[in-house]
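Chemist: Keeping their order, the protein sequence lines are chains A and B.
1 is the number of the first residue of the first sequence in the UniProt record's numbering; add one for each residue after it.
1 is the number of the first residue of the second sequence in the UniProt record's numbering; add one for each residue after it.
No more than 25 Å apart at the CA atoms, straight line, and that leaves these computed lysine-lysine pairs for BS3-like:
1) A:Lys-104 - B:Lys-157
2) A:Lys-104 - A:Lys-56
3) B:Lys-56 - A:Lys-157
Coverage of chain A stretches by chain B, computed from C-beta distances (three or more under 8 Å per stretch; other residues unrestricted):
4) 71-80
5) 99-109
6) 183-191
FYI, nobody ran anything at the bench for these hints, they're computed from the structure.
It should be emphasised that the depicted structure is a prediction, and the values quoted were computed from it without experimental measurement.
Think of the CB as a built atom: it goes at the ideal place given N, C-alpha and C, for glycine as much as any other residue.
These are the residues of each chain, in order.
2 protein chains.
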Amino acid sequence: MATNEHIVTSFDDELNGLAQKIAEMGGIAEQQVGESVAALSRRDEALAQRVISSDKRMDQLQREIEDDATHMIARRQPMAQDLREIVAAIHIANDLERVGDLAKNTAKRVFAIEGNFAAQRLVGGVEHISEMSLAQLKHILDAYTSRDLDSALAVWKRDDEIDAMYTSLFRELLTYMMEDPRNITFCTHLLFCAKNIERIGDHATNIAETIHYLVTGIPLTDERPKKDESSVTTVEYSDADD
Amino acid sequence: MATNEHIVTSFDDELNGLAQKIAEMGGIAEQQVGESVAALSRRDEALAQRVISSDKRMDQLQREIEDDATHMIARRQPMAQDLREIVAAIHIANDLERVGDLAKNTAKRVFAIEGNFAAQRLVGGVEHISEMSLAQLKHILDAYTSRDLDSALAVWKRDDEIDAMYTSLFRELLTYMMEDPRNITFCTHLLFCAKNIERIGDHATNIAETIHYLVTGIPLTDERPKKDESSVTTVEYSDADD
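Only chain A is shown next, with the shape it has when bound in the complex (with noise of 0.2 Å):
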């Protein structure tokens, strides 16, 4: 069974190349967060398409980090901590991957929303909770660069408070379609855009497991508590006449 390939690259070079192609997804991601929210706020729809097309980079590099680190495990056949390294960027690499799907899903709601009634009040809360997520975004990266496992932790724990303000906006945006039927269609693509948001919390969470499994060798089991409430959430239509 053992290949008659000969290994001219060490171990460590290849472990060095994952990282690198990582951290480049990671800095497309997060310039795809930042700029597919900015393209929202000001309805610019060249910012948008440079988000959407950024998007095939983040493909590509997804598809080469897990070939690479099949191959990697097959020819190497690592073991606990080796293995474990391996593993963790692929499963980095797919939270990623999506973390584009869902800028990129945002950035295409731009060109729904041209001229639209009342936009920039009702933007507000979707560039707050993006600040949010942004952050964390930020700061998994960063505690996966420095096998950090506090500050993965503090980002895992964080990630109550992105679900605690998207509960509050989708009740906000719900009742600004309750006062006014023009910010419907507006307000809906708003809904989406807020929950591609804080699903990029959720993958900065899953992230964080990753570095747990990583550092400790043991997974993460303990549930993480959830106050993303939005799916439970409903508000009541008062009305003079009703």
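For chain A, the structure is supplied; the task is to place chain B on it using the hints.
Modeler: Leaving out everything else, chain B in the frame of chain A:
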């Protein structure tokens, strides 16, 4: 680098073990998708709870498949077709786990919509699109079992029907919201359910792409024609007062 571990099972036995776990995941996923929409139609909270609870088993199976597959790659150093079999199992388990998550999210929304206004009329479109997604899921799992490239490609091509139906449902639900603000909360939850179901179709096409790679050794690089235009769809509000 070679391990001294004594290999007592055959490679084929191990592959069969992976296939059995994927078959179990596929069965649970189909049940979750069907039951989540049934729970929504009938506002059946007990059934919704069952869908939510069954997701734990999905997560556990996915972890097991990934662990088993990684250790097979490290121990067996498989090449070509054998390696593709193992990598395909990891990908398909990943897609099925996400299908389970999407069904769970739909099930959670059953608790938000209890006793809601005009529910039955509005839920019909969601039932319809879910029948299509469920059929796609069944077909692609059969195609995987029989390594049937033609039916995998048929599933891949048919996803544009789900996308087109979702775009039309998006418009319809927005229209209901504009007609009567008492529909807004319920229709918003239905919009998220419909989006979940549309994404289940996307996972069926991901599995189709995995089957293509597994059978031919070549990635399916064509861009699938996307007909989900909901992210760029607007519905204008018109009222006699305007």
